[in-house]
Amino acid sequence: MATQQSRSAARLMMAPAVVLLLGWMLVPLIMTLYFSFKKYLPLRGDSLENGLQWVGFQNYIRFVSSSSFWPSVQTTLIIVGGVLVITVVLGVLLALLLDQPMWGQGVVRILVIAPFFVMPTVSGLVWKNMFMDPINGILAHTWRFFGAEPLQWLSQHSLESIVLIVSWQWLPFATLILLTAIQSLDSEQLEAAEMDGASSLKRFWFIILPHLSRAITIVILIQTIFLLSVFAEIFVTTAGAFGTKTLTYLIFQRVLESQNVGLGSAGGVYAIILANIVAIFLMRIVGKNLDA
Amino acid sequence: MGQITLQQVQKSFGDTEVIPPLDLTIEDGEFVVFVGPSGCGKSTLLRLIAGLEDVTAGTILIDGKDATNIPPAKRGLAMVFQSYALYPHMSVRKNIAFPMRMAKLDKAEQDRRIEQAAAALNLTDYLDRRPGQLSGGQRQRVAIGRAIVREPEAFLFDEPLSNLDAALRVGMRLEISELHNRLATTMIYVTHDQVEAMTMADKIVVLQSGIIEQVGSPLELYKTPRNRFVAGFIGSPKMNFVEGDEAVKHDAHAIGIRPEHIDVSPKGGTWSGTVGVAEHLGSDTFFHIHETGLAETLTVRAPGDVQFKHGDTIHLTPRADQIHRFDASGLRIS
Amino acid sequence: MARAVTTQRKTLNTVIAWGIGLLIFFPILWTILTSFKTEGQAIADPPLFLFFDWTLENYAVVQERSDYMRFLWNSVIIAGGSTLLGIIIAVPAAWSMAFVPSKRTKDILLWMLSTKMLPAVGVLYPIYLLFISLGLLDTRIGLTIVLMLINLPIIVWMLYTYFKEIPGEILEAARMDGASLKEEILYVLTPMAIPGIASTVLLNIILAWNEAFWTLNLTAANAAPLTAFIASYSSPEGLFFAKLSAASTMAIAPILILGWFSQKQLVRGLTFGAVK
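These protein sequence lines map, in sequence, to chains A, B and C. Position in the first sequence counted from 1, then plus 17, gives you this note's numbering. Position in the second sequence counted from 1, then plus 32, gives you this note's numbering. Position in the third sequence counted from 1, then plus 149, gives you this note's numbering.
No lab work stands behind these hints: they were computed from the structure. Keep in mind that the hints are not guaranteed to be accurate.
Said to hold, decoys possible - Derived pair list, reagent style DSBU-like, types lysine-lysine, alpha-carbon separation capped at 35 Å:
#, chain 1, residue 1, chain 2, residue 2
1, B, K299, B, K341
2, C, K331, B, K106
3, C, K331, A, K305
Please read all numbers here as calculations on a predicted model, not as lab measurements.
Build out the structure end to end from the sequences listed, making use of the hints.
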């Protein structure tokens, strides 16, 4: 609802953002699609100038049938699933705890949020060396203190280690959002339930949890988007070794390490499709919120 | 100075026509109130005049000049919004100065007009405060002050009192009326409250679904409503409507009689019924009467000292010269 | 109104919450402590908490050996530049969507969000090629542009949700008062939106500062920011915990401080306004 004049001004002012993002999305996307149907090995002399050989769906088939594909899917699922379960469950508990009256609430909040601000390369390296190092790491010291044999974290329990590191980074995110959601709960609802004779466990189950369901869904969807492309944490800890090669990492290796651009691009298309499936669900929730 | 003419003005949002083609003339210096239930298009009509919305078709003339495509700022109109729309980051003084600053008026003249407006609106002590530190009534005055200093051709008010509590509303109503008497500038005032319309207007425009139902002075509307809608909307408590045999006796599809035009007596009236709820206001008493065989409920306004209780039988006599007759399409039969 | 809580209960809450809070914060605390130790003390068993010879030597060594200041400068330029550029492009766009909404506004907003979800690895090589052909590889300007683009949807969204809270009537009042579009944005909208713009800036500096896919893959010696600087510590030679800690502390300190200021706005920004 506005005048013609303001509408045309609005279109003009929206143009730069729309055009830039459209270019940022379409140009590389079309190039990736194009490469995915081509044989493109820059190290063996293939180049855009000389023209690339059309190979149809060969890259797509080869990417899926390679021996590293299914393990990478499994690794991706374990990392995403593991981190989601840990962060959501602990996030809900932590949010409930932080919502309770206590001394120094603000400070505790800050302590809990802090890991989110640590850059991924730092948290990867700090955990790898100072905590998970089998000889000098804090965890090794702790295990020895209790008389146990220190674990070979990143080589023998590599997946669990990555899940631990990534969960540590994302727990603050889940906690913060769930805490915000809990605080938006109308306390009269809880008082009404208490008057109705609901125990605190029942109040949690029948009132708090349903109230949190939307926030939990949002946490899950947003984290999934980010977790699907976890990169730096693996890059600086195991570099994809010891069964920590995710789909993202596999594509990265195909493209930049073995310089098989066609194959990597086909993998990239798979990753884009996967991310879009998650994205559609997230968009529907966010979109609904726009109407409200 | 401030004559506004709408010629065949029409407005659609997409496919929905909110205002069918409409003609209206507002004379210079008039206080015109647009009144109607919510969603009747009265605010849209005001925004069309203001230039905040484009007309889909038709012409708006301000002082005889075509203003249809002139941007809002150039129309010489000032508007007071429902939410007051004060700039929260500016002091009262800066709020009032803003339109003059935009018009690049010289500083001395700005100060002169600010002092004048502030004195007139009792804002002198608050000029350096922020809107957030003011009460609702004070904010309302700042919004009016911001409008006054522009010395506009006409003032537009969009439900300006709806955010105030009842007591303040009565006070502000008086202040705006006094302002109009003093400035003698055209004012167009939108409200859904028929009491505001009746008390303030020189001319009332009753709207429903974007259509003008009737234009006239408050008393014209009260005495000779053009149709059942206007008859029911103007006046409080609402007019009683009776259909059926009783209406046929008067050669009409329906008759209307205002609560204040029915006399009550313990016996011997034209109609009779049982008292349901009796509301004692002191000056008046409203009786809601059932079992009259005429309508579900009849409302009657009686002097304050008339005593009937719940369940009493009551006799009613409508004043014959105050019965309004309507045909099947709801139009007045004169 | 809240009822009085027993002191016992409150004490229990406090103890548990502080315990968990410190546990979660411990890796950061430990890193900061270790950065002041000698390499020998850094790996001492049992670990040393506060009683060691505090030294600043590691910081000096890190700066000397790897020119920390250059990486820091790159991070500042890239994070700050991309945020500033993003704000300049996003403010008009968010204004349009918040105050002149059309039937397509919602679709455009959601589409912008969807570009954020494009997995970076899927378009790595095309961007790499484009960067080579445009001479942008390993330049600060190239990285600034990329980080601006990946964060632009978030900037537009955050500004949009903040602008939405400014009543349209105030802008209409300005229009009635004779303000031009430019004056309306400059004198009325921007001053009112300053808190929202500030928290958008803050969150985006944090996101850009910590971005670790494009910064690792599109830079080498010249434009590498702190993320890449730290990654260069991933192949260890001998004892180096203390130096790693010093480098890490320097890399995260600025953003930790910024982050603590912006924690309230964080939620809205990261959930695209879906949780407030």
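Right, here's what the structure says about each hint:
At most 35 Å may separate the alpha-carbon atoms for a hinted pair to count; B:K299 and B:K341 meet this at roughly 15 Å. The straight-line distance between the Cα atoms of C:K331 and B:K106 is roughly 16 Å, inside the 35 Å bound, and the hint therefore holds. About 33 Å separates the Cα atoms of C:K331 and A:K305, which keeps this hinted pair within 35 Å; it holds.
Checked against the numbered hints given earlier, this structure breaks none of them.
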